[in-house]
Amino acid sequence: MLRFLGERLVQSAAVLAVMSFVIFALIGLMPGDPVDLMISADPDLTSADIEKLREIYGLDRPVVERYGNWLWAALQGDFGFSRLFARPVFEVLIPALGHTLALLGISLTLALCIGLPLGIWAAVKPYSVRDYAVNLFAFAGISVPSFWLGLLLIIVFAVILGILPAGGLGTPGADGGWADKLIYLVLPAASLTLASVGGHTRYMRASMLETLRQDYIRTARAKGLTERRVVLGHALRNALIPVTTIVALDFGFLFSGALITETIFAYPGMGKLTYDAVMGNDFNLALVALLLATLVTLIGNILADLAYAWLDPRIGFEGKNQ
Amino acid sequence: MTAAIIKPATPLSLVTRRFLRHRLAVASAALLAVLAALSLAAPLFETWLALDANTVDLFNRFAPPSTDHPLGTDEAGRDVLLRLLYGGRVSLFVGISAALTAAILGTTIGLLSGYFGGALDAIFMRVTDGVIALPLLPLLIVLAALDLEKLGFSAAAAQSEGASLYRIVVIVALVGWTTVARLVRATALSLRERQFVLAAKAQGASAARIMAVHILPNLASPIIVATTLSVGNVILLESVLSFLGLGIQPPLPSWGNLLTNAQELIWDAPALAVYPGLAIFVTVIAFNFVGDGLQDALDPRSLERGRR
Amino acid sequence: MRPAGPVSFSILAAVLLLLCAVWPAQAKDRDQLTIGITQYPSTFHPNIDSMLAKSYILGFTRRPFTVHDQDWQLVCMLCTKLPTIENGLAVPETAPNGKKGIAVTYTIRPDAVWGDGKPITTKDVLFTWRMGRQGQTGILPIEFYRSAYKVEAKDDKTFTIHFDKLTFDYNAINSFDLVPAHVDQVNFDADPVAYKNKTAFDTDTTNEALYFGPYVISETERGSYVVLERNPKWWGEPGPFKRIVVKIIPNTAALEANLLSGNIDMIAGELGFTVDQALRFETRHGKSFQVLYKPGLIYEHIDLNMDNPLLKNRDLRHALIYAIDRDAISKQLFGGRQPVAQSAVNPLDWVYADDVKHYTYDPKKALELIVKAGFTKLEKGIRHHKNTGEALRFEFMTTAGSKVRELVQQVLQSQWKAVGVDVRIKNEPARVYFGQTVTQRKFTGLAMYAWLSAPESVPRGTLHSAHIPTEANGWAGQNYPGFDNAEMDALIEKIEVELDKPKRKAMWKRLQEIYVEELPVIPLYFRAEAYIMPKWLGGVKPTGHQYPTSLWVEEWQAK
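Residue numbers (my numbering), protein chains in the order written: chain A, 1 to 322; chain B, 1001 to 1308; chain C, 2001 to 2559.
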């Protein structure tokens, strides 16, 4: 178990290292550096000015050298400054990260709390009215474009009913404490939850259906166990295996993929920050933000693998590396 | 425990018969067929209505439905019905082709990885991790600036108005295969330890045969669920990309960019948003139900459950 | 099995209800004005990176020495008297480089103090100038600091700037933005190169000593909002509200919803709705809100790449403009609020010449010109050259995702198609488009975008042949069409140094004539700004140029 974890961590660190270069190169490949943007804003710049500016921003050297310099500094704990915000990268990142974790934490918990039981509930009685109803609900959640859902929620709850704020982080100027912040979280969290609950429900249902067909379930039923014990006691464990993958993957995706929801609800999380950093040529910030997203995904994967092994005794930890 | 006997692929007629029992799936399939047919017939509608989908009429903006324009006109005075039909072509094409490409890629990688395990698995899965973790956004921007001609597309294709369409299919397929790969691998990993596979191995069946005959059929249902879901997801993703200005380029309509365009008009001409939104909604749902039906139809044990 | 789903639902509902009960009813007092804009300023340093969101917010908190007012007249804000050659405060002289230069003397208002009560003195002037001259800091505008080769302080309040060139706008130092020496000098002198990351504007944004306007920044939440409180040390009329909150809502559809829900009171014209959005908003909510439109100096146009063999042909350039109905676009899409542009010069600018050629919609004429250029063959509705068989086809680019531009683009495409010109739309995200395609002249045909400028700004960067970006000059300059006209070059150079107004006006007229005749650029329209405000707010006077309304916030009032 420890050996497995150790190996995975080492592998993931390697992936992260490779990805740091890939992302660095990718950003480097993107057309237009910060100085290009300055040129387009100021007609009076001479080529000497441009050279000087490139030097100031360290853009006059080849990508590999820049990457080397960056890596060296990063290993010493210096991730550089955000070009856009003129602050150390982590000073910019950490608040956004906090916002994102709050938003994702709430919506993921809600989505799982709703999605998994619903999926099981539907799978127990497939092709019944309730199964169709659950499916329809799940599909509806999946099928609504996120910005559409966001706008709809704002219109209903903020404009028409006027009971929830339309967007933002909290009431500016008034320190309303956590209750104030939480109230601003309701709509974006609801929007994200609705978008992801369908997927969870569907995967849980499919996986539970599949599991309930297995022979050992039949055996269990034959032994005269109650349906409840069969489902929750025997089947659930196996049925959760594929679901963990999806959840782990989802988390990494949502981490930077909540962009639309963040944009609509004016909620400054990682998605919007990453987008602005990429679009605004903020090399250091974009790089670290993207690497952070990578890291979260990798951790999610490790957790998913651990969960496999824990849930499915047939897969030994060693079995994976034979 | 009794050894499970895995049947060879179920005969097509049986699959069809089973599929037909799933009423919602049949209805969905029919609906998709109608949508596809309508979309394909868009040029016919164009002739019939004596209109052009891209011709702008500044003096006839936001017109209400009439005999000339069955669904009215949009912000540039173009016929909404025609735009929707052409949009359907684009969205369906992008969704299906990208999802299929991604599924094929993902199945191959996941199967090899899960069955052989070991170093191959480790490498494949780390690549998968890498691709999953690959940031879509800078990739899209880089690709938006890439010269398609350098990628081997003909000059005509690169300059054509559909260039943004191929770009999206390629991008989505390149980043989208990972879900299927991971699912397939996870299932393959557990299948290869099963008795029927071990038995086949003991009988000296080749790896290729085991994968094709014993494992793949068992993988069909997760792949199908994932692929049908992903057709919908791609259609949704395309709308997100449109939202960011990285999607299908005008004047080529897609449901995604029609919807995005309509977001500012939500108060004034809600219908402009409702139609493409509904089209996306219905299509994604339908693909899901079809996937559902197919899953049951392909699965040899679904019938008994269906009756239970 | 017990259904767990509905249980979670009821818990969720209960939580929601509870939260709604806790939610304090928003007090609708007039002590506070909440403004919605779409962008968060990155840095707050006035001289690093130019950005609209920043100048809007800093407008509440800082004042430039000179600025163009709402009537486009140059006025003093921080100085006591506008120096001119006539009043003797500006004296032409010979600069060390042998060229004609000028020495301009300004006096800082005697009552001007920083937010912490320390007087604003020539120390701050000298410090700011030294910082800009150093040249390692990325301090803008580079051209100003290059030209201002010497600054002398007569006393605590009076100083003279020596410029090494004599231009007609010699006394406009609008972008010479003071930085407090007593706060930021330490940060700068410690390491000039690292200064851009160490400045108090970003490390200590809420330090009132950085500001000297009616308001100071009291709270910031990156990406979300900026809170401004009255500056007790401000020497002028106090601001009309105790507090101004600027909220950042990036999506305009959400911005509107925020306005309707009362989350914000107004939408700034500088960074809010496009005119077509505002027009639609006005039809629906004109009763509850006031909407102000101000056409301005945002010049929306299409650059034609003069290296394109087809576009080298002037007849074809003329054909392109005759084939499009700009009047209809202005009327139908923008309710006539965005006037059609005849050239780069705005009709509100005093150098505008009304008697130069106006192009009107004339598809017949366009067709004649196309035929004259040899494109007689018609295949599938597209004109082809009679000899070479070449199709009359152009690539048309703009920023992807910009709704108005894409709409206009499709209208134009459709109108050009009507005369057999095949225009292919190829849009790119702003970052690619401005980062490379336009700036390195990689567009092959047409490129649509806008310029924002100050009144009477000489188009040196955009029309002088020395400013055509090339690989050799490091892509400097903004003459993206690649316009190369000797007479234009000479005119630009003469206008810049001509101090006599009537003479200058005559040259401006000739400049516009060349522009319109040679047509390296298709003028479309001047974009208007739309201010959405509550009925009870008065005194907001849109400027129409790059200096924001917030510079005159003390004139605003709650009715």
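You may find that some hints are simply not true.
If you want the footprint, here are the derived chain A segments under chain C, 3+ residues with CB under 8 Å [said to hold, decoys possible]: (1) 48 to 55; (2) 58 to 68; (3) 82 to 89; (4) 203 to 209; (5) 262 to 274.
Calculated directly from the structure, the hints in this document are not laboratory data.
C-beta atoms are modelled at their ideal positions from N, C-alpha and C, and glycine is treated no differently.
- Query: Does the structure break any of the earlier hints, and which numbers would those be?
  - Reply: Of the numbered hints given earlier, those the structure breaks are 2, 4, listed in rising order.
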